[in-house]
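Asker: Let's have the full structure, built from the sequences with the hints guiding it.
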Amino acid sequence: AQTVTQSQPEMSVQEAETVTLSCTYDTSESNYYLFWYKQPPSRQMILVIRQEAYKQQNATENRFSVNFQKAAKSFSLKISDSQLGDTAMYFCAFIEGAQKLVFGQGTRLTINP
Amino acid sequence: EPEVTQTPSHQVTQMGQEVILRCVPISNHLYFYWYRQILGQKVEFLVSFYNNEISEKSEIFDDQFSVERPDGSNFTLKIRSTKLEDSAMYFCASREDGNYGYTFGSGTRLTVV
Numbered sequence: 001a002q003t004v005t006q007s008q009p010e011m012s013v014q015e016a017e018t019v020t021l022s023c024t025y026d027t028s029e030s031n032y033y034l035f036w037y038k039q040p041p042s043r044q045m046i047l048v049i050r051q052e053a054y055k056q057q058n059a060t061e062n063r064f065s066v067n068f069q070k071a072a073k074s075f076s077l078k079i080s081d082s083q084l085g086d087t088a089m090y091f092c093a094f095i096e097g098a099q100k101l102v103f104g105q106g107t108r109l110t111i112n113p
Numbered sequence: 114e115p116e117v118t119q120t121p122s123h124q125v126t127q128m129g130q131e132v133i134l135r136c137v138p139i140s141n142h143l144y145f146y147w148y149r150q151i152l153g154q155k156v157e158f159l160v161s162f163y164n165n166e167i168s169e170k171s172e173i174f175d176d177q178f179s180v181e182r183p184d185g186s187n188f189t190l191k192i193r194s195t196k197l198e199d200s201a202m203y204f205c206a207s208r209e210d211g212n213y214g215y216t217f218g219s220g221t222r223l224t225v226v
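Sequence lines, in order, name chains A and F. Going by the numbering used here, the residue at position 71 of the first sequence is 71; the numbering climbs one at a time, nothing skipped. Going by the numbering used here, the residue at position 75 of the second sequence is 188; the numbering climbs one at a time, nothing skipped.
It is possible that part of the hints are untrue.
[Stated by the list, open to error] Per the computed footprint, the stretches of chain F lying under chain A, defined by three or more beta-carbons under 8 angstroms from a beta-carbon of chain A, are: (1) 155 to 161; (2) 192 to 202.
[Stated by the list, open to error] Among the chain A residues that face chain F by a calculated CB cut under 8 angstroms, a handful are: (3) Met-45; (4) Val-48; (5) Lys-78; (6) Ile-95; (7) Phe-103; (8) Gly-104; (9) Gln-105.
Hints listed in this document are in silico derivations from the structure and should not be mistaken for laboratory results. Keep in mind the model is a prediction, meaning the values are calculated, not measured. We put the CB at the ideal spot given by N, CA and C, even for glycine.
Answerer: Have a look at this one:
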């Protein structure tokens with residue numbers, strides 16, 4: 001079974017700092033997709049960024065970027081110039097083939113003013 | 114931007130009662146999902162639905178649960194006899210064929226008392 005592990009239950013940084021959230025996963029497949037979802041206090045699930053495993057280039061969306069290390073099965077999220085609105089739970093998630101999305105346990109990120 | 118719509122946003126029900134959670138997926142999406150999140154825990158897969166039938170379900174999705182797409186637009190999750198432990202946030206999601214970017218609804222908070 002696929003597993004996704006987020007080893008940091010909570011993180012806290014000052015506004016404007018850069019923060020990196022860690023994620024590792026386990027799979028025997030070579031083609032799959034990885035995602036980071038943000039869940040603010042409203043509890044809505046918002047897609048932050050996605051990465052296709054066959055692409056070597058790391059995905060970037062404005063202040064959000066990933067460090068995808070396929071051999072190490074690592075997929076970390078970097079948030080640059082963090083803002084108060086980035087405060088949320090962040091979930092790493094994985095899918096292969098047409099199967100279900102599997103989530104990690106989440107990291108609670110707090111951005112302090 | 115197209116949205117997945119879930120109703121109601123919050124439902125309180127007595128233990129043993131039946132509840133129906135409703136979702137309207139994005140119109141050109143073909144894959145539909147229900148996930149749940151017990152407060153403070155990770156997001157768990159319940160069921161996937163494609164071509165008018167269940168394609169995969171988790172062990173959580175027992176005989177008390179059922180899904181339906183009654184009219185080609187709505188996608189419902191029914192819990193026949195609710196238990197206290199069914200209290201959770203329930204998320205509907207959908208995606209296009211060939212695109213693994215799920216779109217989640219804003220969730221239904223179910224409280225069983």
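Asker: So, for every hint listed, does it hold in this structure?
Answerer: Do the hints match the structure? See the list:
no.	hint	verdict
1	155 to 161	holds (count 5)
2	192 to 202	violated (count 1)
3	Met-45	4 angstroms, holds
4	Val-48	11 angstroms, violated
5	Lys-78	20 angstroms, violated
6	Ile-95	5 angstroms, holds
7	Phe-103	4 angstroms, holds
8	Gly-104	7 angstroms, holds
9	Gln-105	5 angstroms, holds
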